[in-house]
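The listed protein sequences derive, respectively, from chains A and B. Just so you know, the first sequence maps onto residues 551 to 891 in the working numbering. Just so you know, the second sequence maps onto residues 132 to 397 in the working numbering.
Calculated directly from the structure, the hints in this document are not laboratory data. Do not rely on the hints blindly, as some may be mistaken.
Below 27 Å or equal to it, Euclidean Cα-Cα: the simulated DSS-like pairs (lysine-lysine) are [what the hints assert, rightly or not]:
no. : chain 1 : residue 1 : chain 2 : residue 2
1   : B       : Lys200    : A       : Lys700
2   : A       : Lys780    : B       : Lys212
3   : B       : Lys397    : A       : Lys780
Ranges of calculated distance between the beta carbons of each label pair, as one might list FRET restraints [unchecked claim]:
no. : chain 1 : residue 1 : chain 2 : residue 2 : range
4   : A       : Leu561    : B       : Arg333    : 55 to 61 Å
5   : B       : Gln196    : A       : Ser724    : 46 to 52 Å
6   : B       : Lys200    : A       : Ile766    : 41 to 47 Å
7   : A       : Ile766    : B       : Glu228    : 26 to 32 Å
8   : B       : Lys323    : A       : Gly553    : 48 to 54 Å
Just a sample of chain B residues kept apart from chain A, beta carbon distances all over 12 Å, derived [to be verified]:
no. : residue
9   : Gly157
10  : Lys212
11  : Ala219
12  : Gln220
13  : Pro229
14  : Ala231
15  : Asn250
16  : Lys318
17  : Gly359
18  : Thr383
Every residue, glycine too, gets a C-beta built ideally from N, C-alpha and C.
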Amino acid sequence: MMGSRKYRFILLAALMLVAFLANLSLGSVHIPLADTLKSLTGSEAVRESWGYIIWNYRLPKALTAMLVGGGLSLSGLLMQTLFRNPLAGPFVLGVSSGASLGAALLIMGASLLGGIGGAFLVTDVSLAIASGMGSLLVLLTVLVVSARLKDAMALLIVGLMFGSITAALVTVLSYFSAAEQLQQYIFWSYGSVGNLSWNQVGLLGIFFFVGTGISIALLKALNALLLGEKYAATLGISLPRTRNWTILATGLLAGGITAFAGPIAFIGLAVPHLARQLLGSQDHRVLLPAVLLYGALLMLVCDMIAQIPFSAYVLPINAITSLVGAPVVIWLLVRRKRMIF
Amino acid sequence: MKSTENTCDSPLSTTGLGIGYRDGGGETQLSGQISFQISPGSLNAVVGINGVGKSTLLRTLAGMQPALKGRVLIQGTPIEKLSPVRKAQLLSVVLTEPLASKNLQVSELVSLGRHPYTNWLGQLSEADLQKVREALAKMELGEISGQPCHTLSDGQLQRALIARALAQDTPLMLLDEPTTHLDLYHKVKILKLLREVAHSTRKSILFSTHEIGLAIQLCDHILVLQPGQAHFGSPCELIEAGDFERLFPQDTIHFDAQSGMFRVNK
Chain A
551 MMGSRKYRFI LLAALMLVAF LANLSLGSVH IPLADTLKSL TGSEAVRESW GYIIWNYRLP
611 KALTAMLVGG GLSLSGLLMQ TLFRNPLAGP FVLGVSSGAS LGAALLIMGA SLLGGIGGAF
671 LVTDVSLAIA SGMGSLLVLL TVLVVSARLK DAMALLIVGL MFGSITAALV TVLSYFSAAE
731 QLQQYIFWSY GSVGNLSWNQ VGLLGIFFFV GTGISIALLK ALNALLLGEK YAATLGISLP
791 RTRNWTILAT GLLAGGITAF AGPIAFIGLA VPHLARQLLG SQDHRVLLPA VLLYGALLML
851 VCDMIAQIPF SAYVLPINAI TSLVGAPVVI WLLVRRKRMI F
Chain B
132 MKSTENTCDS PLSTTGLGIG YRDGGGETQL SGQISFQISP GSLNAVVGIN GVGKSTLLRT
192 LAGMQPALKG RVLIQGTPIE KLSPVRKAQL LSVVLTEPLA SKNLQVSELV SLGRHPYTNW
252 LGQLSEADLQ KVREALAKME LGEISGQPCH TLSDGQLQRA LIARALAQDT PLMLLDEPTT
312 HLDLYHKVKI LKLLREVAHS TRKSILFSTH EIGLAIQLCD HILVLQPGQA HFGSPCELIE
372 AGDFERLFPQ DTIHFDAQSG MFRVNK
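Using the sequences and the accompanying hints, generate a full structural model.
Pasting the structure below:
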């Protein structure tokens with residue numbers, strides 16, 4: 551059992567590496583694998599433009615895809631354990647709807663209030679800041695409310711309600727918006743792992759590593775939560791502290807990712823289940839590295855599909871993750887009769 | 132009540148304990164004052180009619196809800212003064228609520244009992260693994276230790292939960308109705324295992340139950356909870372004092388002191 555688990559980890563890591571290289575090689579301009587490797591290792595590719603494309607466009611995009619996939623999957627795992635709910639994902643606390651509200655306020659609100667000047671404010675950076683602030687706002691509100699709630703399930707419902715409220719506000723904003731702004735907002739909501747500068751990738755990396763670091767410190771408490779909150783408390787685990795840090799880690803991961811890449815559906819919900827299925831374990835010390843690898847792999851694959859190899863078309867990544875993720879969840883439900891958490 | 136013994140030796144004692152709920156400004160006290168002291172290596176039951184506060188008492192004794200009055204002492208220390216980890220090393224519980232994750236393997240479930248002793252990552256040392264193996268063997272779970280919990284029968288699951296508490300290796304174990312949903316054979320099996328554990332490992336066990344007849348036969352001491360009063364003693368002492376006769380309203384059943392059983396009024 552332990553042996554086969556080790557091989558499955560190696561398989562996962564190997565697949566991810568293959569997907570990483572394929573992701574760099576494929577796209578509107580096909581770059582042969584040998585040249586991809588050459589420019590990665592610092593030597594000259596056959597054409598100079600290939601090296602440029604890889605270093606300034608594809609490598610940041612592939613790294614973003616890995617951080618996004620791994621980070622969303624980890625926050626999904628945290629939420630499923632905290633809420634003892636197999637259908638919980640990184641966005642149950644309203645993180646994504648908060649980000650939507652931030653983005654909507656910037657894109658559609660700025661033009662309503664600031665007239666012509668507002669239109670110039672909308673850049674990738676200001677969008678990231680606005681959606682990040684939106685996530686943070688909703689998350690802090692949920693944290694304040696959660697201090698008054700004893701039960702994690704009530705917190706789950708509060709998160710969903712906040713999601714509904716912010717979604718309603720976005721609808722009101724879009725009703726009063728011009729077609730141009732509406733289009734810009736819709737493009738944001740498609741999600742994207744491209745268009746990030748190296749600085750932005752670095753910033754995303756900081757969110758990812760801090761969130762992952764907190765999760766590692768929580769591993770023991772998360773395992774105790776598998777028994778239920780009451781049992782965990784009798785094992786000496788502090789519930790309020792565990793809950794707050796778990797929410798914070800999720801907020802950093804899901805909030806940071808949504809700020810830079812927009813809302814990306816289903817990865818966070820589906821990957822923890824795939825990892826449990828693959829490794830046959832509930833132990834978070836096994837699942838944490840597994841969801842990071844699996845999530846990164848799946849996101850790289852989704853990005854490759856979205857690029858439509860050898861063509862100039864790019865499909866919305868959010869649609870691809872839903873098209874891949876939703877059937878996976880249905881398949882898990884049907885195959886195992888019920889999703890046993 | 133043996134109040135002469137030193138409370139420091141007792142894994143659990145209470146003085147003038149009042150249990151119940153506080154909500155808003157009001158208090159709902161469920162019991163009279165409860166004072167008792169359990170001795171090391173003994174099997175103890177809490178019996179009483181539905182709603183008299185058995186579960187509330189166990190939660191209060193486990194420090195999961197505050198006492199309205201009086202004190203709960205764990206080896207002489209008031210329970211609220213113990214740190215969470217120290218408390219987890221002194222008392223373990225088996226609750227009636229279902230496990231959050233039904234996909235846990237039996238051995239994983241039992242291993243989680245070692246949490247109060249493991250490092251920040253929860254890594255099991257060889258000594259921890261030994262305790263887990265012992266607990267699995269004591270509860271006769273060796274053959275099914277690799278199975279996920281959702282495949283177990285009610286009796287097996289109950290033994291797995293008890294094994295987890297055993298692996299926690301505490302001088303005191305509290306169990307809330309460990310025999311519900313079980314047939315007579317498995318009820319007796321669980322209680323005999325608990326008795327064996329208490330006597331052979333010098334752990335003290337307190338459990339709530341509706342199986343008064345079995346408790347009389349198997350327990351060293353019984354706490355009889357009635358609205359407004361509580362009596363603690365050996366089964367014989369309680370029978371002589373007539374405490375079981377007053378346990379239920381007399382309209383449908385009565386206690387037969389000769390056989391130590393309840394009989395239906397015909």
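Results of checking the hints against the structure:
Between Lys200 (chain B) and Lys700 (chain A), the direct Cα distance comes to roughly 23 Å. Compliance with the 27 Å bound is thereby established for this hinted pair. As the CA atoms of Lys780 (chain A) and Lys212 (chain B) are separated by approximately 19 Å, the hinted pair is consistent with the 27 Å bound. In summary, the hint linking Lys397 (chain B) to Lys780 (chain A) is not supported, as the alpha carbons are separated by about 44 Å, beyond the 27 Å threshold. Roughly 49 Å separates the CB atoms of Leu561 (chain A) and Arg333 (chain B), a value that falls outside the hinted 55 to 61 Å.
Here the CB-CB span from Gln196 (chain B) to Ser724 (chain A) is close to 49 Å, well matched to the stated 46 to 52 Å. Separation of Lys200 (chain B) from Ile766 (chain A) is about 44 Å and conforms to the stated range, judged on CB atoms against 41 to 47 Å. Remark: the range hint 26 to 32 Å for Ile766 (chain A) to Glu228 (chain B) is upheld by a beta-carbon distance near 29 Å. Here the CB-CB span from Lys323 (chain B) to Gly553 (chain A) is close to 39 Å, at odds with the stated 48 to 54 Å.
Against the 12 Å criterion, Gly157 (chain B) stays outside the reach of chain A, whose nearest CB is about 19 Å from its own CB. Every beta carbon of chain A lies more than 12 Å from that of Lys212 (chain B), the smallest distance being close to 15 Å; the non-interface claim holds. Its closest Cβ contact with chain A, about 4 Å, brings Ala219 (chain B) to no more than 12 Å, contrary to its assignment away from the interface. Listed as outside the interface, Gln220 (chain B) is inconsistent with that label: its C-beta sits roughly 8 Å from the nearest C-beta of chain A, within the 12 Å cut-off.
For Pro229 (chain B), the shortest C-beta to C-beta distance to chain A comes to about 7 Å, within the 12 Å cut-off, and the non-interface label is violated. Non-interface call for Ala231 (chain B) relative to chain A: violated, since the shortest CB-CB distance, roughly 4 Å, does not exceed 12 Å. The claim that Asn250 (chain B) is not at the interface with chain A is violated, since a C-beta of that chain comes within 12 Å of its own (minimum 8 Å). No Cβ of chain A approaches the Cβ of Lys318 (chain B) within 12 Å, the least distance being about 23 Å, so the stated non-interface status holds.
For Gly359 (chain B), the requirement that its beta carbon stay farther than 12 Å from each beta carbon of chain A is met, with the minimum near 29 Å. Every CB of chain A is more than 12 Å from the CB of Thr383 (chain B) (nearest about 35 Å), matching its label as outside the interface.
Hint check: violations occur at hints 3, 4, 8, 11, 12, 13, 14 and 15; the rest are consistent with the structure.
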